[in-house]
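Assemble the complex: chain D is given as a structure, and chains X and B must be docked to it using the hints.
Protein chains in written order, with my numbering: chain D, -1 to 280; chain X, 55 to 344; chain B, 12 to 374.
Honestly, the hints are just simulated from the structure, not real lab data. No residue lacks a Cβ here, since even glycine has one placed at the ideal position from N, Cα and C. Keep in mind that the hints are not guaranteed to be accurate.
As the list claims (entries may be wrong) - The calculated label-pair distances, taken between Cβ atoms and stated as ranges, are:
{"hint": "1", "chain 1": "X", "residue 1": "R159", "chain 2": "D", "residue 2": "I99", "range": "44 to 52 Å"}
{"hint": "2", "chain 1": "D", "residue 1": "E277", "chain 2": "X", "residue 2": "R159", "range": "46 to 54 Å"}
{"hint": "3", "chain 1": "B", "residue 1": "A370", "chain 2": "D", "residue 2": "R136", "range": "43 to 51 Å"}
{"hint": "4", "chain 1": "D", "residue 1": "R125", "chain 2": "B", "residue 2": "A370", "range": "22 to 30 Å"}
{"hint": "5", "chain 1": "X", "residue 1": "V204", "chain 2": "B", "residue 2": "S332", "range": "52 to 60 Å"}
{"hint": "6", "chain 1": "X", "residue 1": "F146", "chain 2": "B", "residue 2": "Q373", "range": "38 to 46 Å"}
{"hint": "7", "chain 1": "B", "residue 1": "S332", "chain 2": "X", "residue 2": "G113", "range": "52 to 60 Å"}
{"hint": "8", "chain 1": "D", "residue 1": "S26", "chain 2": "X", "residue 2": "P191", "range": "20 to 28 Å"}
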Amino acid sequence: MSTPAVAVSLGGRRQKVVRGLLLTLCLSYVVVLLFAPFVGIVYTALKGGISAISETLGRTDVRHAYYLTAIITVLTVLFTTIFGIVVAWVLARDRFRGRAIMNALVDLPFAVSPVIVGLTAVLLFGRGGWFEPFFDARGIQIIFALPSMILVTAFICIPFVIRSVAPILDELGTDEEEAAITLGASPRQTFFRVTLPNIRWGLLYGTALATARSLGEVGAVLIVSGAIQGQTETVPLFILRALEERQEAAGYLIALSLAAMSILILLGIEFLKRRQEKERSL
Amino acid sequence: MSDQALTLGGSSAPSAPKTRGRRLAVPGAWGLRGTALLYLGAMVVLPLTAVVTRGVSAGFEGIKTAITAPAALDALKLTLATAAAATVINAFFGTLLAYVLVRYRFTGRALLGALVDLPFAIPTLVTGVMLVALYGPNSPVGDFLGNHGVHIAFAWPGILLALLFVTLPFIVRTVQPVLLEIDPAEEEASYVLGANGFTTFWRVTLPHLRPAIAGGALLTFARCLSEFGALVIISGNITGKTLTAPVYIFQLVSQFRYEEAAAISMVLFALSFVLVLITEYVLLGRRKSS
Amino acid sequence: MRISPAKRALGALVLTALLAAACGGSDDNGNTTTAAGAGDCPSPDPATPLTLTLAAYSTPREVYGKIIPAFQALWKEDHDDQQVIFQESYGGSTTQSQNVVNGFKADVVALSLAPDVDAIADAGLITHDWTDAPDKGMVSSSVVAFDVRPGNPKGLEDFDDLAQPGVEVLTPDPAQSGGARWNIVGAFGASLEGYAGGKKGDEAAAGELLKGIFSNVTVLDKSARDSIKNFETGNGDVAITYENEIRTAQDAGLEDEMVIPPATVLIENPVAVVDENVDEHCVRDVAEAFVDYLHTQEAKELYTTVGFLRSTDAAEAAKGSDDFPAIKDLFTVDDLGGWDTINDKVFGEPDGIFTKAFAEAQG
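Looking at chain D on its own, in the form it has when it is part of the complex (with noise of 0.2 Å):
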């Protein structure tokens, strides 16, 4: 962790022998939680070897998974990035009546499972939806097409970038935004200029997380999707499907680079987490 640890000293042999125990067993529970089940998907995703590897990779409905869960990611951050911004600002910044319940509202896509995402989803725009008739009209597919699955993934996202931007913005305050404003600054400058910069670390920490979410989302997809093979199937439904093929060493790996794709961006985070703090300490 990137925190410092706050040892209080203790002395004597009888101290080690408790510190080696609780770390044993600290260290074991992870090992067996953690390592174990991540060594065993290495293990059966590359045992075909390099040719098995580049045959499943270059396979046309695997790299339109990848495609897809790009374009369903790029969009879902970049929309709940934006309006996340709006929504931390008002929350860190605005003082009106039903600010409470807008700030529960940011809690509520935590509460929600995927699948009760993908549920209402299916409600409005399904088949005797809220809204069908509307895009029914227009000749616009939402379910078992892309649009209902970039929103049902934007539901899940919505809280990730309000709630690592807000805490900041609370704790700036505004003092340097009404400087830059008595200075003669546009608010879109001040914006831009002056409090952007100051939340960058949050801002660039909630979007990580967003994208891993998002990356890995499969619940809501699933309902939405029809995982049209070539059409609407993500990585996470491809890697469904393999299974359900009976080709486990296709769908392991391709949930391997999953988890690797997952992982770059934790340590990305990481990164991000100890510049956050290391300016926030400044």
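Using the frame of chain D, we list chains X and B on its own:
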């Protein structure tokens, strides 16, 4: 993938917000406020209203029937039981890990800290796949265990392992900041007065940690209630035995039984939401002032 | 000034991207999507690839994986190198059927049983008589069989063995899977034929048999493929499923054994073009060509060798061949009165023989 990272990362001590009670200095407030309201209204309120509307459309009787169906009851009971078990286990190990990470110095401390964060990054589906790869019938480990009557994959231990994996970081991260802030002088005084490590921890340290542990535990529990990706792979989805509530809802939706799905969804997310609210506003007291 | 211009611009950008995704999302391969009829379709240009969306039941993935490339090659040859891109979706037959009815724009449906295609026709999406094709619209067939553990430790030979206490049975959910309904019809019909402990023509006995079997069912998976996969993870003593599903699993290395009961039903799988969608996507010609292809001898060979499916001719199917065991008493849905009768008598709400048996078994 964790959703609670943000509420838990960052500083723990809420400093007095400098914008408290001040009017907005920037013009155009209503535009931004309106945008925020519209965004949350359309993206959060609207979908959940659709579920609640559909759920109550069957009336109270309909909701009761949906929830008391044997499959539903079993699913809800299993979900609550596994969530409780995972919470208790990770409360213990989470606190332990936090303590070890904060109080001890040892090689690999940074690595351990990073590993603890691993579940935040790994998609839940991949977690399920990893567990099947390790404990499924086609793996040496799974086969060995199976021959000795121990079934992990496609049975409740698999569910528990998946939940433990996914929620590991929560309590660690609520407890860590508090541990960091505790004045070491208290503990040192305790040792000076002759107490051993355990007594010190139990009598001096732990009381400080209780709200944080409780908060993390509630978040863990709420997170367990909604888990789908890992469980749909590892649990085997056997009605009455390993079928959890979210997967049951998924099955209902696949069967176009929307009213029942909505009814059970309402119950599930109401419970989770209340837990999240309690945690954030009462136990962690974070956004009360901001 | 309300919202800062920068934010407004960004918001507009995002909205535009979303709308573009919405409009382009239903077809991102260059096909013209029109809400109007076939008259609006542009004349075919060999340089533009055509996209065909196939909704199939869960079992024939492997065989369509071979049939589709064969068809693509054929089309390419006959149409100036024009490419046909296939987008396949596999799932429980009844779920797929419902999905198409609810807006999944499949051009061709390859489902497990005729009623699932009829459901799409009843919704107005299929406007031609799809049974007016060779073999009444059927392209492949199989039989209901049992997947048992190596060595058949419980000695399961016929449907009534599955109703014995202590036997755990896997069969999919009839609300989602076509295979599930075939399984029920198989048990029902076998009893009516005088097998499986039943008496010829005794419907009450058939109902008892169903009740007994479903008292032993531990889980109802959402598709035939899910059901057999579940069995492979070690659950249950027997999975009732398609013969070709078991053969496919064995071909993939599974050590399970297959038991074909003496009397079983001929599973007949239909394929049909979905008129409304092919006209909207302007792919009628290639869709009809594909369905025609599925009735050819070449396709039949692929169905048999890759898919382990039997001949669409009932007599041939019963006789079997070198690769397929003969069936003692192979009956068809027509022998039982046709799907309309069966849907009413067996699956009707609330008095269908199966409906009642299931309620009693679970209650």
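Quick rundown of the hints versus the structure:
no., hint, verdict
1, X:R159 x D:I99: 44 to 52 Å, "46 Å, holds"
2, D:E277 x X:R159: 46 to 54 Å, "25 Å, violated"
3, B:A370 x D:R136: 43 to 51 Å, "44 Å, holds"
4, D:R125 x B:A370: 22 to 30 Å, "28 Å, holds"
5, X:V204 x B:S332: 52 to 60 Å, "45 Å, violated"
6, X:F146 x B:Q373: 38 to 46 Å, "40 Å, holds"
7, B:S332 x X:G113: 52 to 60 Å, "58 Å, holds"
8, D:S26 x X:P191: 20 to 28 Å, "25 Å, holds"
Consistency note: the structure conflicts with the earlier hints numbered 2 and 5.
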